[in-house]
Amino acid sequence: MAMDMFLDQLHGMAQYYPVVLKGVGVTLALSFIGIAAGTVAGFVLGIGRASSSRALSFLVGAYTDIFRGTPVLVQVFVVFFVLPEAGIELDSFTAGAIALSNLAACFISEIVAAGIRAVPAGQLEAAASSGLSRFQQLRLVVLPQATRMIVPSLVGQYVLLVKDSSVVSAIGLLDLTRSGWVIVQSVPNGLLVFSAVGLGYFLICYPLLYWSRRLEKT
Amino acid sequence: MIKFSDVNKWYGTHHVLQNINLEVAKGEVVVVCGPSGSGKSTLIRCVNGLEKFQAGMLTVEGMPVASEANLRKLRMELGFVFQQFNLYPHKTALENVTLAPIHVRKLSAKEAASRGREILAKVGLADKCDAYPQQLSGGQQQRVAIARSLCMQPKVMLFDEPTSALDPEMINEVLDVMVALAKDGMTMIVVTHEMGFARKVADRVAFIDKGVMVEVAKPEAFFTAPANERTREFLGKILHH
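Line by line, the protein sequences are chains A and B.
At position 180 of the first sequence the residue is numbered 180 (the numbering used here), and the sequence of numbers has no breaks.
So the numbering used here is basically just the index in the second sequence, starting at one, shifted up by 1000.
Don't read these hints as lab results, they were simulated from the structure.
Even glycine gets a Cβ: it sits at the ideal position worked out from N, Cα and C.
Among the hints, a few may not be true.
As the list claims (entries may be wrong) - Partial pick of chain A residues on the chain B-facing surface, computed with a CB cut under 7 angstroms:
id	residue
1	S129
2	S130
3	P144
4	T147
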């Protein structure tokens, strides 16, 4: 009897696969944009954070602390509901992508800055002594070494980003989490539906986790 | 070629270089020695601007080192070899050697590689071009570091305790390279405790103590009849072992 009901619900859920696929697509798209834009912006911010200019480092640190120290849900709301007040009209996908990329950039900035600071001073002295410009020292000597050190932490951050992307369901975006909300309206088994949603996130994150663990070993 | 005129440097209230006057002519080899903390590393690091000084004048070929605008151009002509080698760990020996020639001298990758191989061969490492620093012994790493500086075809080579971080059995392979360089007529300032090297190739030996240039003399005079009491004391300490 219970078994029959379970199979019924499973069957009911399966009929929603187009919604799920769409949700997975949105989650993947947001994660991809967040990772790509967040990494690029995070490196730029991180270089500023590790800069010898105290003022620049302080400014970047203050900026990133604001976002690292507030809930991502609140940040998504601010971008989606408050920016339009200032005349910047955004659809929910763009708003979500901006909020997530910005948050990723803030966390990645600190990781990058830590990596840059971990490159021994002698490396910079050697590079400077050979006549390389400040920019060349950074590009050819410091960043390649810093990046090697931080790749495992970066990938760990990517996993967090994929999971954090679920907050965009709060502004009505049909991502993987939201597709669960839709399905649970007609398949009244929250445990089943959201276990399946959780499994979906896990399947997206696991390759990243696996990759990060491999990188940590090398 | 290199001229210190009344160079003074302080770390806070600590007066690390006091009225340093020294002139190094083209082709000359000057060895600088002194107890640890005497300021000898600071002195040589001032020459290529790794350390700033607060008073006096330091010029290389007439160009003041203190000017930020000159510094990059000067550094192209000043090879610098560190105690800790400071090779780039993410690059092979050959890549270490060719990095600055490619990006600073604007040599083509091919030109730089052929020059790099030639110079690595000259320091006895023809077969180590593709090795990474961590695969090399200390002596080999330091020879790569010397090759890295030489590949820029500098006019002057600066050595900051190049053998102090090496195991004893590796010191000579590095000194041999330096002796060959000196014989080739390279202008060199060498901070070192290797008095055998000083005796063999130095044109002059400078003794610095507590930031003061106590004595500068030709090696025969420096080792056999040092004029200053502090020099005698220092030599007594290091030559008896």
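S130 (chain A) as an interface hint toward chain B, with CB separation required under 7 angstroms:
Holds - the Cβ of S130 (chain A) comes within 7 angstroms of chain B, reaching about 4 angstroms at its closest.
Any CB of chain B closer than 7 angstroms to the CB of P144 (chain A)?
holds (5 angstroms)
Against chain B, with CB atoms and a cut of 7 angstroms, does the hint on S129 (chain A) hold up?
holds (4 angstroms)
Min Cβ distance, T147 (chain A) to chain B: is it shorter than 7 angstroms?
With Cβ-Cβ at 9 angstroms, over 7 angstroms, it is violated.
When the structure is compared with the earlier hints, a violation turns up for hint 4 alone.
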